[in-house]
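Asks: Residue numbers (the working numbering), protein chains in the order written: chain U, 1 to 262; chain F, 1 to 263.
Hints are computed from structural coordinates only; laboratory data are not their basis.
Please read all numbers here as calculations on a predicted model, not as lab measurements.
Beta carbons are placed, not taken as given, at the ideal position from N, Cα and C, and that holds for glycine.
Among the clues, some could well be false.
Computed, partial: chain U to chain F, Cβ under 8 Å [as the list claims (entries may be wrong)]:
1. S31
2. G59
3. I86
4. F88
5. E90
6. L105
7. I109
8. Y135
9. T237
Anything over 12 Å on all C-beta distances counts as not near chain F; from chain U, calculated [to be verified]:
10. V26
11. D29
12. G33
13. G66
14. I84
15. W96
16. L161
17. M177
18. I240
19. S255
For lysine to aspartate or glutamate, the following DMTMM-like pairs were computed, each having C-alpha atoms within a straight-line distance of at most 20 Å [unchecked claim]:
20. K174(F) x E90(U)
21. K174(F) x E159(F)
22. K174(F) x D152(F)
23. K174(F) x E239(U)
24. K174(F) x E108(U)
25. K174(F) x D154(F)
26. K108(F) x E97(F)
Read off the chains here:
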Amino acid sequence: MANETQHVRLHGLSHVFADGREPLRVFDDVSTGMPRGQFTSIIGPSGCGKSTLLRIVGGLLEPSAGEVRIDGARPRAAQRRHDIGIVFQEPALLPWRTVAANVRLPLEIDGARRRGTDVESLLDLVGLGEFRDYYPHQLSGGMRQRVAIARALAVDPALLLMDEPFGALDEITRTAMRYELLRIWASQAEAATRKTVLFVTHSITEAIVMSDRIVVINGRPGRIVADVAVELPRPRTQEIERSAPFLDYADHLRSLLVGAVA
Amino acid sequence: MNGRLRGIVRGLVTYGLPPAIAFAVVIGAWEAYVSWRDVSILVVPAPSDVWERFVDDPGYFWEQGWWTLYEATLGLIFGTTVAVALAIVMAHSRPVERGLLPLAIAMKVTPLVAIGPVLIVIFGFGTTPKIFLAALLCFFPMLVNALTGFRDVDPGALEFMRSLRASPWSIFWKLRAPSSLPYVISALRITYPLALVGAVIAEWFTGNRGLGYVVYSAAQNLRTPELFSAIAVLALIGVAINIALSLLERRLLFWHESVRSTR
Numbered sequence: 001m002a003n004e005t006q007h008v009r010l011h012g013l014s015h016v017f018a019d020g021r022e023p024l025r026v027f028d029d030v031s032t033g034m035p036r037g038q039f040t041s042i043i044g045p046s047g048c049g050k051s052t053l054l055r056i057v058g059g060l061l062e063p064s065a066g067e068v069r070i071d072g073a074r075p076r077a078a079q080r081r082h083d084i085g086i087v088f089q090e091p092a093l094l095p096w097r098t099v100a101a102n103v104r105l106p107l108e109i110d111g112a113r114r115r116g117t118d119v120e121s122l123l124d125l126v127g128l129g130e131f132r133d134y135y136p137h138q139l140s141g142g143m144r145q146r147v148a149i150a151r152a153l154a155v156d157p158a159l160l161l162m163d164e165p166f167g168a169l170d171e172i173t174r175t176a177m178r179y180e181l182l183r184i185w186a187s188q189a190e191a192a193t194r195k196t197v198l199f200v201t202h203s204i205t206e207a208i209v210m211s212d213r214i215v216v217i218n219g220r221p222g223r224i225v226a227d228v229a230v231e232l233p234r235p236r237t238q239e240i241e242r243s244a245p246f247l248d249y250a251d252h253l254r255s256l257l258v259g260a261v262a
Numbered sequence: 001m002n003g004r005l006r007g008i009v010r011g012l013v014t015y016g017l018p019p020a021i022a023f024a025v026v027i028g029a030w031e032a033y034v035s036w037r038d039v040s041i042l043v044v045p046a047p048s049d050v051w052e053r054f055v056d057d058p059g060y061f062w063e064q065g066w067w068t069l070y071e072a073t074l075g076l077i078f079g080t081t082v083a084v085a086l087a088i089v090m091a092h093s094r095p096v097e098r099g100l101l102p103l104a105i106a107m108k109v110t111p112l113v114a115i116g117p118v119l120i121v122i123f124g125f126g127t128t129p130k131i132f133l134a135a136l137l138c139f140f141p142m143l144v145n146a147l148t149g150f151r152d153v154d155p156g157a158l159e160f161m162r163s164l165r166a167s168p169w170s171i172f173w174k175l176r177a178p179s180s181l182p183y184v185i186s187a188l189r190i191t192y193p194l195a196l197v198g199a200v201i202a203e204w205f206t207g208n209r210g211l212g213y214v215v216y217s218a219a220q221n222l223r224t225p226e227l228f229s230a231i232a233v234l235a236l237i238g239v240a241i242n243i244a245l246s247l248l249e250r251r252l253l254f255w256h257e258s259v260r261s262t263r
């Protein structure tokens, strides 16, 4: 892969949490890249540092060693350009704002480039057009997470970071949301100009269904143990979960995650 | 009867009747005890004596009550403004917090009403010492609550705003200030009555108006029905303040679980 196609690059990232009694090395020497427009999942057991890794890529945390480059610059520069959208496990909406006002929040932040984002059509895209004037406490968990996704998309960022976004949802909603997110992602633009997605999960099914590529992290401290390209045709529907190639990927990933520290 | 009216009646019976009965029992027992033991009106007047004194000249008590409420409210506004302004600075600077919090705590553990006489020396006999004492009593609970409120923000929402390089200013107005509202309003429930205490006590020491002055001079002259009338008006003011704050809370905090769970 030529370097200029890499949207995000990680060079020898290590991180140590030093505020505990004993310094805790969460991951060590992580180097990889994410091509523009690809959907990459990071999968690993809890405690392998995948959420920390995502926060470092998003510029919310400085790594102990190594560096992150987004379009060749530090994450800070991408933050300033409003080129990063983040979705966490909890929707983290502002409870005093309506759905529409929550989605509008990033556009009110100083220096926002008003890229002509239309809140209405964004709400339609995530299937919440009729709920624009509702408050978060009037919505279900899945709907709140849709709002969080719309909010992250409001500044039209080139990079979308998602930290187990469906982890707090029930199984039924969770399954539906996976395909919803794929639909939203695919609707954004032509394949070549799609958003680069970095998606953290500990669900094998989720990783295969969503991704072009899966980075497997394991061990303590976490290290990249495998980098799996998922060559399943898109658009993907739920039938794919019963196909033979899907099951092969699942077996392969399971074997890579065996021996994961509990 | 339509459904809405029936709902109101049921609400009144469910929530209004028990306290009304409790109140009536206490007043009745008081009245009965005073007449049974033939307690002197100079020591404890019967509720009927208090009522008689009150209806004799209700305007007098309302006017004095108005002064006390006025002083307490100005003190509350003054104390709250300083406390919130300081909390904003402290929320953004740990060194400032570390420097000022011990001072504030020292203020808190001091029985501030003891400052009353000194305030007269400093500010004289006018309205200022009353406002000042009221403000002083309001200060600490508001400072601590506002500070906690500014810090108690949803960590995900904070990180989301930071990922877009939001300025501290914008994080404050869009996130910290609204997040602190539940804390500030519950602080007001504590500080408004405290402001009333401050105003009343300052009126004991100085001045010629306000319910504190009425209480003090009535006690000096053994006009006990007048004294108890003044106390009853103070209690009414306190209840009115509480109701007003509840309404404000329901209006402003419709999104907060404390309000939603009582709906």
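Asks: Does each hint hold? Answer for all of them.
Replies: Going through the hints against the structure:
1. S31: At about 23 Å, which exceeds the 8 Å cut-off, the nearest Cβ of chain F leaves the hint on S31(U) violated.
2. G59: Holds, because the Cβ-Cβ distance from G59(U) to chain F comes to roughly 7 Å (cut-off 8 Å).
3. I86: holds (5 Å)
4. F88: Hint on F88(U): holds, closest Cβ of chain F at ~4 Å, below 8 Å.
5. E90: holds (5 Å)
6. L105: It holds, given that the least Cβ distance between L105(U) and chain F is near 7 Å, below 8 Å.
7. I109: Hint on I109(U): holds, closest Cβ of chain F at ~5 Å, below 8 Å.
8. Y135: Y135(U) check passes; min Cβ-Cβ to chain F is 6 Å, inside 8 Å.
9. T237: violated (31 Å)
10. V26: holds (17 Å)
11. D29: holds (25 Å)
12. G33: holds (21 Å)
13. G66: holds (20 Å)
14. I84: With a cut-off of 12 Å, I84(U) comes too close to chain F, as the shortest Cβ separation is near 5 Å.
15. W96: violated (5 Å)
16. L161: violated (8 Å)
17. M177: At roughly 17 Å from the nearest Cβ of chain F, M177(U) sits farther out than 12 Å, so the non-interface label holds.
18. I240: holds (31 Å)
19. S255: At about 34 Å from chain F, S255(U) clears the 12 Å cut-off, so the statement holds.
20. K174(F) x E90(U): holds (19 Å)
21. K174(F) x E159(F): holds (13 Å)
22. K174(F) x D152(F): This hinted pair holds, its Cα atoms lying about 13 Å apart.
23. K174(F) x E239(U): It is violated: about 44 Å lies between the C-alpha atoms, which goes past 20 Å.
24. K174(F) x E108(U): Holds, because 9 Å separates the two Cα atoms, which is no more than 20 Å.
25. K174(F) x D154(F): Answer holds: K174(F) to D154(F) is near 12 Å, not above 20 Å.
26. K108(F) x E97(F): holds (16 Å)
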